[in-house]
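Novice: Using the sequences and the accompanying hints, generate a full structural model.
Going line by line, the protein sequences match chains E and G. This note's numbering puts the last residue of the first sequence at 71; the count rises by one with no breaks. This note's numbering puts the last residue of the second sequence at 233; the count rises by one with no breaks.
Keep in mind the hints are simulated off the structure, nothing from the lab. A few of these clues could be false.
[Unchecked claim] Now the stretches of chain E that chain G is said to cover, found in silico as 3 or more residues with beta-carbon under 8 Å:
1. 20-30
2. 58-71
[Stated by the list, open to error] A few chain G residues that face chain E, going by a derived Cβ cut-off under 8 Å, partial list only:
3. D62
4. M65
5. R102
6. G166
7. N167
8. R168
9. I169
10. K172
11. K176
12. K199
13. G201
14. H206
15. Y209
Backbone N, C-alpha and C fix where the C-beta goes; we use that ideal spot for every residue, glycine too.
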Amino acid sequence: MSKEYGDIKVSKEIIKKIEERIKDTEFKSVDEYVTFVLEEVIRDEEEPEEVFSEEDEKKVKERLRALGYLD
Amino acid sequence: MIVLAIDALEYTLVEEFNCTNLKQKFYGKTNITEFSQPRTMVLWSSFMTGKNMEKEILAKGDKEMWNTRIELKDTFFSRFADPKIIDLPGFNYLKEQHEQERMLLKNYFDAQNIDEKNKIRTEYNNLAFEHHRKVKKEFTETLNSKHDFVLGYFSVADVVGHLNFGNRIMMKMIYKDLDEIAGTIKDSFIVLSDHGMEKVGIFGDHSNYGFWSTDFEDIGSPKITDFARIIKY
Numbered sequence: 001m002s003k004e005y006g007d008i009k010v011s012k013e014i015i016k017k018i019e020e021r022i023k024d025t026e027f028k029s030v031d032e033y034v035t036f037v038l039e040e041v042i043r044d045e046e047e048p049e050e051v052f053s054e055e056d057e058k059k060v061k062e063r064l065r066a067l068g069y070l071d
Numbered sequence: 001m002i003v004l005a006i007d008a009l010e011y012t013l014v015e016e017f018n019c020t021n022l023k024q025k026f027y028g029k030t031n032i033t034e035f036s037q038p039r040t041m042v043l044w045s046s047f048m049t050g051k052n053m054e055k056e057i058l059a060k061g062d063k064e065m066w067n068t069r070i071e072l073k074d075t076f077f078s079r080f081a082d083p084k085i086i087d088l089p090g091f092n093y094l095k096e097q098h099e100q101e102r103m104l105l106k107n108y109f110d111a112q113n114i115d116e117k118n119k120i121r122t123e124y125n126n127l128a129f130e131h132h133r134k135v136k137k138e139f140t141e142t143l144n145s146k147h148d149f150v151l152g153y154f155s156v157a158d159v160v161g162h163l164n165f166g167n168r169i170m171m172k173m174i175y176k177d178l179d180e181i182a183g184t185i186k187d188s189f190i191v192l193s194d195h196g197m198e199k200v201g202i203f204g205d206h207s208n209y210g211f212w213s214t215d216f217e218d219i220g221s222p223k224i225t226d227f228a229r230i231i232k233y
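Specialist: Rendered as structure tokens:
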């Protein structure tokens, strides 16, 4: 069964920014990118996005130093 | 033979995002436990020579390590009549690009406030994406050439992952792109990563296994040095 689609209004300014962002990527249209992002945002309601923490930063900085990425 | 060499391609994300082109028919994790740390330069050098290069690479020191240039005759690539290797660490990668990335990484950690950090991270990501597009273009064009061995090395998942692995949307976008690249390969190919990546909050750290896939053989849990033997000429 094929999916049904509806319309959503988005400002031209945002569309322009998305067009710029998806240039040279595998996203074939602004619609495809917006669908992709919205699916992730809806999913994130169950699994919140990570936020910056100084403790994480310290841990990663030490690891990157051990791996030779940082002096 | 074609090798899609992807730095830090993480097994669990390939599964989670269902990257069917990257998974091919057979896929799994590589065993890199013989190495003390999952270091990019050590692992790719060991891959191309077919022997554990940890001692030799580490003897160069953290800074000089990145200048490693192994000669063609000392790699399994020399078995092929006309090999084409794109941007591989330890062989022919674009040194200036990776130096610039490491410099921005340092600037990010040295920055004193979050606004400055965010600005540097954007610059860092843009640099990595721009390089990715160039490598992708060269790799795609090379697929139509007559080389008997092609290896394309993609660093975007590693470089961007270090400062953004907790950003699921960004990582999914990268994996989708890598999966599409795999989908454009018409001949038999191997996907190989040196190590994977694990989440540390918003950041990413190297995990202690790599990823492999083929469409012709289940190779179990190979060492990265086994590929010099597995890849036939």
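Novice: Give me the numbers of the hints this structure contradicts, sorted from smallest to largest.
Specialist: The structure breaks only hint 15.
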